[in-house]
Every structure is written in structure tokens, then in C-alpha cells.
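S.K.: Given chain A, put chain B in place with the hints provided.
Taken in sequence, the protein lines are chains A and B.
Count along the first sequence from 1, then add 2; that gives the number in the numbering used here.
Count along the second sequence from 1, then add 219; that gives the number in the numbering used here.
Treat the hints with care, since some could be wrong.
[Unchecked claim] Now the stretches of chain A that chain B is said to cover, found in silico as 3 or more residues with beta-carbon under 8 Å: (1) 36-42; (2) 62-76; (3) 275-282.
Just so you know, these hints were derived from the structure itself, not from any lab.
The structure presented is a predicted model; accordingly, all values stated were derived computationally and were not measured.
Built from N, CA and C at the ideal position, the CB exists for glycine as well.
Below are the chains, spelled out letter by letter.
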Amino acid sequence: MSEIAIERGAERSTERGSGLGRWLRNPWRRPVFLAGFTWAYLAWSILPVLIAILFSFNAGRSRSVWQGFSMRWWTGDPNDALFHDPALRQAIVQSLRLSFITMIIAVPLGTMFAIALDRWHGRPAKTANFGMLFSFVMPEIILGVSLYLLFTNLFKGFVHLGTGAQLLGLITFQLSYPVIIVRARLLTIGPEYEEAAMDLGATPGQALWRALLPLLFPAIFASFAITFADTIDDFVTVNYLASTAASQPLSVKIYSAARGSPTPAVNAAATFMLISTMMAIGVGFLIYRVFSRGQRSGEAGAGVTDFVNA
Amino acid sequence: MASTVQEPALPDAPPEPKGSKVAHEESSGVWYPKWYWPSFASPATIWLAIFFILPLYVVLSVAFGTSDPIFGAPLPVYEPWYWSSSSFVHVIGRFFGAAAFWQPALLRTFVFVFLASLLCLLIGFPVAYYVARYGGKHKGLYLLLLVAPFWISYLMRIFAWQSLLTSDGIVNSILRILHIAPNPIDWLSGKPITVILALVYGYIPYLILPVYAGIDRMNVSLLEAGRDLGASPWQTFRRVTLPQSKQAILAGLVIVSLPMFGDYYTNDLMGSPKTSMFGNLIDKTITQQGQGPRAGSLVLILMVILLIPMAYYLRSTRRAAEGEG
Chain A
3 MSEIAIERGA ERSTERGSGL GRWLRNPWRR PVFLAGFTWA YLAWSILPVL
53 IAILFSFNAG RSRSVWQGFS MRWWTGDPND ALFHDPALRQ AIVQSLRLSF
103 ITMIIAVPLG TMFAIALDRW HGRPAKTANF GMLFSFVMPE IILGVSLYLL
153 FTNLFKGFVH LGTGAQLLGL ITFQLSYPVI IVRARLLTIG PEYEEAAMDL
203 GATPGQALWR ALLPLLFPAI FASFAITFAD TIDDFVTVNY LASTAASQPL
253 SVKIYSAARG SPTPAVNAAA TFMLISTMMA IGVGFLIYRV FSRGQRSGEA
303 GAGVTDFVNA
Chain B
220 MASTVQEPAL PDAPPEPKGS KVAHEESSGV WYPKWYWPSF ASPATIWLAI
270 FFILPLYVVL SVAFGTSDPI FGAPLPVYEP WYWSSSSFVH VIGRFFGAAA
320 FWQPALLRTF VFVFLASLLC LLIGFPVAYY VARYGGKHKG LYLLLLVAPF
370 WISYLMRIFA WQSLLTSDGI VNSILRILHI APNPIDWLSG KPITVILALV
420 YGYIPYLILP VYAGIDRMNV SLLEAGRDLG ASPWQTFRRV TLPQSKQAIL
470 AGLVIVSLPM FGDYYTNDLM GSPKTSMFGN LIDKTITQQG QGPRAGSLVL
520 ILMVILLIPM AYYLRSTRRA AEGEG
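Just chain B, with the same shape it has in the complex:
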């Protein structure tokens, strides 16, 4: 037994101190053959290669391929040197130029996502701020209520609002009783405000939690220092609180806007073709015969649009992880 050479760690040893990754690596190098840990990573890696990376390549091959003239099935081209950009150019022509039928949907997507994300922040920040700062001994309860929407399916939450907004629904009844709108309002006939509010309702929990975590992590003594040095509360908020929570706010905004860009179901349940978004274009095109290459091109364009926010988010989470441990 080699137990005298190296003292075994006590069961209640404190967690590994920060920045000890190097020691960690060296010690595991002593114990394990080189192939040992890589072999643990290989099943999931191979899985991701086949079912995540390969499909993205198929999207490229479909987008730059053709479709069967008789049956309309897509004929993907897997050799890049034979790729044809005709479908892709056609799709771009639908967005810009003389035959830009899809341009309204593209612009609408940007406007809706921008407004909905902004509203998420305006509503979510005060809530996150209140729970982080003043939650006190009820913090657990608040967090439970803030997390609850995660475990209620998105569909059910949107479906619940759909019922409330029907012409004989509760919202119209309340408006009638309060004499705001004597005649029922047709909320579900493709009103932008309905779709935007539904997006806010659906995705706001994803913003509140990271922002809450950011404010909760913040050092309170910095605020006290700011106040002691004579800053007004507004100045303290603007020059201490906001800069300190900037990362969390940006991460929250990215994490709500990414799925909104790909959302089609909210509009399907709460809007009409008058309010369709980019996701609806993909969803409609993919089910149509002979439109495979166009659907592929649309997916490709959406990925390119989202590449920068996705890269930003991955970079910021990695930096946060490295900063912590």
C-alpha cells in the first residue's frame, strides 16, 4: 500500500482551492493511462458529431442542392464543388430586392424580438433587483415562484393566455366591467401587441434568473462605499449597480432573444399570418413540397444571424466559469 507516501484527503476536506487546475492535471496524469479520460468523452462526442454537426452539414447540402422536379423531394448535394447557389439566391431575393415578399416578416422579427427583449429587461430587472436585495428570509419562496414557469410547459403558458384573450375571455370581461372597452377586443386576430406580450410572458423567466444571480453576486460594500463617498442613490445605481450587473443583463438579453428569433409557435397560437416571424417562414417552407432547398437556406440565414449573439454568450459563460473556478 502506498498510503504512507501521499496523505489521503480527509472526508471533510474543504473544496479544492481556486486555480488549482494545474495540480489537478498533474495528479491525474500520474494515475491514469492517456486514453482513459478521452474514452469517457468519446460516446457523447461521437453522438454530437453525428446528430448535431452532421445535420448542419446536411442543411448546407440541402440549401445548395436542388429538388426533384417531379416529386418535389429535396436532392441534397454533398460535394461542395457541385453546390449551386440558385435556391439561396432566390431566398435572398425574397428578403431584398423587387420580389421581397418575406421582407416584412424579417423586419417584424427584428422589431418584435427587440421590443420583447427590452420589455423583458424593463419588467425583469426590477423584479430580479428586488428579490436579490430585499428578498431577505423569503428569498427561497421568491426563487421558487420565479423558477416555477420553467416547469410549466411553454405551450401551456401560451395556451392559458390564449384562453384568457378569446372574445368572451376574462381579459375582455374585465375591460368591460371597468368600462375601458365596452365591446370585446379581438386580441387573437394578429395584433402585434398580443404577440409581443406573449413573447415577453414566455421568455422573461430566462432573463430574470441570470440577472438575479448577477445582482446577488454583487458586493454590497461597494454600494455602501459609493454612498459613503457622497454619491446620490441614483448615482450609486448608475455608476456602481449598473456597471456591475452589465454582464448579467447582456447575457440575459441574449438568452431570451436567441429562442425568440426561432419562435414560430407563439405566433401560431396568438397571432395570424399578419404577424408571422422568421420561424414561421421556416416552419411553413419545410412542410411544402419542392421547397426543401429554400427551407435549408432559411435555416442557414437564421444561423448566420444568430452566430454573433451565440458566440458572445458562449464566450461570456466561459469567462464566468473560468473566473469562478
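Isolated chain A (complex conformation):
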């Protein structure tokens, strides 16, 4: 219906004046200028990254002048290639380790917090939620420096800088993602499924575990993916809380290399980070689709049905 209105509007408009003037007179016609602007923006936003990926395959040392295709900076060079340079290899392991452990701890903590916020509307819950959101909007430098000061002063000798401190910082910083994602999902579920399960004789614990949790799986897996991807990319917190070069993940290596004289191995490292992130998001999305497809076809109460059958 609105399309007809749009068409009619287009006919009504007078066909003179400059492009912009004509568009201002009738914004419903095909906005050629806006379309071009949007595509120019998208090219501006994505092309530089594609060029950086391309240069990880450069045969020469330059990251701005193309000297032919080679795998030199990925595997070829025995010392400086991403997969041969011992420092970079260690950094890859550190990146993956930090992201995995952060994900494993932050998501359950956040999920429990989200469920509690959804079901408990007391004043303490509101205060805790406010604190969580506050940590979400706080610039990371404040969080990183304050944790650095905490670990080097009040917790001195108790928490050492390095992997442990980095994990504590990362979990704090990532906690809000699962809370926000799982809470959004809980808003659409409502308490009916647990109530049904308990009507059928389940204890509150069983209702939660076997009725609510399966319904939350899509949100939980989405949180896993996002937390993992975001932790791989993080470098402010991990940089402040690193101790020796051994605890520096890939992101910190890229940062320090970019300030010196980087080789295309840094492009390869950044591309590797990008691939890890995309894979995490891709896997998360696939699992999300699998779980939410079942629910779309009317099996939203699968957990409840299972419980009755058991």
C-alpha cells in the first residue's frame, strides 16, 4: 500500500531542478545520491582491510608496495613467518587460551546474572544491573588502568600480572555481553514454560535446567561466540595486565609491531585474528540457527516435552 503511495508521490513531483533539489522535493523516489553515498561508505569501510589482507601475501618486505604473491609471511620464511616466529606462535596460543577461558567463565556468570535480573525485581538487582551497564560503557582505558592499579597495589603478591590478571580483567570486561544477549532472549520467553514444568511435578531446579536452559541455548551460544571474538580483538586490558613478552597475545604484538617497523607478517597475524573471529561468529551463528529452527517450527516447549517423557 505504501508503495502505491510512493509511486503516486513520484508522479506528483515536478521533474525539474537539480538532483538534490528534486530529492528534497520528493524523498520517496529512488535516491540515487544516497545509494551512491552508502556504497562509497561501504567501500571506504571494507576495502582498506581487504588490501591489508592481500599484503599479507606480499613477496617483499613492504606492506604498501606489491611485489608479487608468496606465502613467505605465513609459512615460507623460516624466522619471520607467522607460523615460524616463536614469539608470534606463542602469541597465537596466548590469544586463543585467553579467549577460551574468558568465554568459559564469563558466559555462565552472565547467564545466571541475566536469569536473576529477569526473575527478581528487587532494588539490589537494579543496583547490580546498573553497575554491570556502567562497566559496559566505561572506556576500556579506565577499566584497564584501574585493574592494573588494583593488582599492583591492594592485591600485590596475591594476583600477579600475567595470564591470571589478564583473565580476571577480560572476564570483567566481557561479563556484560552475555547478560545483555540472554536477557533479551528471556524477555521473549516469559515464565510460562517453567511454570508448566512445575505443574507437571518438576522442582524449580529441574524446571530451570530442563525447560528454561534449552530455550536459552541460542542466546548462550551467541554469547559464547561474541565473547570469544571480542576477547581475541581486545588489547587495552591485556596490554596493561601483561607481565612479560610471553603473556602478550597477538593483538598486543600487532600493536607494538605497528609502532615500530612492521613486516607483512603483522598483516598475516591480523588476518589470522580476523579468521579466528569470523570462525567463532560463524560457528556461533550456525548453532544459533540449529537451535532456533527447532523452536520456530513449534517445538518451543521441547524441554517441557522431554521432561514429561522422562
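M.R.: Frame of chain A, contents of chain B only:
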């Protein structure tokens, strides 16, 4: 079994109607002991208390403490009644007064963040508007491309531009071929324009998405009504579209300017000390021996500066959440 007393919800029951929070609370009150849900909230709450609230108190204690005269390590003072404001006053003196060495960085931060946020809006609004209004059946593709920068690390995106802007980089080659600048321009030697554009490039996705959501939510029939009642397209835009997307625009501006205020890495990679910002002051000070109290004071000042925009953002998101469900 009590299933006859209360009808269990059907599996494909529609989502809970809006504003049913009260019923929600009552029904859970029937089923669960009082401590049940609070116990779910406690692990994350305790975590936040230890690793988010406590560190902020340590920042206060360091800022108002002293440092070791020999080793230079900060000596925080945890009892507020013993706090000394000498470091804090010293830092304030670096910003205002006769020895205001840091004042340029402070002013620069405000100017850079203001210009970069403004540019984010000027570039981001038309894009968000186009995708929300005219995306049509390609909306999914557009959104995918708009979200893509979120999954590419900020470092890599800035690093990519750093390579493009080197003296033998692609940007200078294009300028040479087009005869705009025959001699290579030294973009990375601390040019404000480079740092501002890098900030825009880095943070603009965070503005486009909320603005897109705001325009997408808007009721199209209001626009049609405006047009039917004789308003010109420009009038409709100014008096219907803009007021309706004002909240989203403000939220977008806050969400890009908050991290810009704390940014130091963009300047590290794209600028020089000539373009350093507030974040660089913190980053430099925290690594220097004997400067702990000053670093703490700087963090404190940044928090105070950002308190109002942060509070505004939290309030507006809470209002949006309450309005929706």
C-alpha cells in the same frame, strides 16, 4: 499433580504481552523461595564488586596517596581521612594555570572528539537512513556489511590505514596519479586531519547501528501523514524524521564519543606526540616510575568528565528498554 489448577502454557503461546511484569513477579513469588533468584545474581555481583567497583576505589586511593621516594612505586592511602590532594592539585595545575603543559592535549581531545563525532554523524546518518528506508530486499546484505567492521579488530582496521598512508602507500600513489599532490604527503607525522579521520573510521559503525535502528523503528505512516497534510519533503524531514530519530542520534553520538575520550592507540599508530590526546597522557604516565598518583588523578579526571554522558546513555537505554518491554 496440580496441573488442573493452573493451565500450563501452550508451547506455541505468544510472547508475554507488554506490561505484564507484575503478574510475572507474583507468579514467581508463588513458586520460589525468597533467596532463590538472588543467589543466581550473587556470583556476578560479587565479581563486579571486586573487579570493577573496588579498582575504582583503588584509583581514588592511589590518586590521593603518595609514592615511594626511592623506588617510585605508588603508596596508596586507603583511609579517606588521610588522603592528600597534592598530586591531584599538581595534575590540575598541569591543565590550568602557569605550568599548563597538558592543556593543549586536553583542548585537543575535546576538539578531536567533537569533530570526529560530528563527522561520524554527517557520514553515518545518510547511510543509516538509506539502509533503513530503501534497503528493501537487500537489507540483510547491507546490515551484514555494516556489522562487518565490528568483527574486524580495531587494531587491524587502523593498521590497514597506516599502511595505506605511508609515504609510498596507495593514498599517495593515487594523489600522484591524479596530479593532486605530485610529492608524497607525510600523513603519519602528526597531522590532526589523519587522527580525526582515523577516529571517524574506527568508531563510525557504533553510531550507524543505533541510528539505523532508530530510523527503522519509526512509523512510516507519520511521514505520509506529514506529506498528505501539505508539508514539503524538507519540512517532513525536519519536523517528523529528525525529532523522531533524535534519541537514537544522541545515543549514537554518546556511544562513539565515550571510547574516543579514552583512546590512545589511534594516536599512537596514526599520529605523533604533536597530536596526543587525554588517553595518551594516562598511558604515558602510568608506565613512568613515581607517577602513580598522577596517573590515578588523570583517570579520575577522565571519569568525572565522562560521568554525565555515561549517565545520559544509561538513562536513555533504560527508558528504551522499559518502553519496549
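S.K.: Next, verify each hint and record whether it holds.
M.R.: Cross-check of the supplied hints:
no. : hint    : in the structure
1   : 36-42   : holds (count 4)
2   : 62-76   : holds (count 4)
3   : 275-282 : holds (count 4)
Going through the hint list in order, the structure satisfies each hint without exception.
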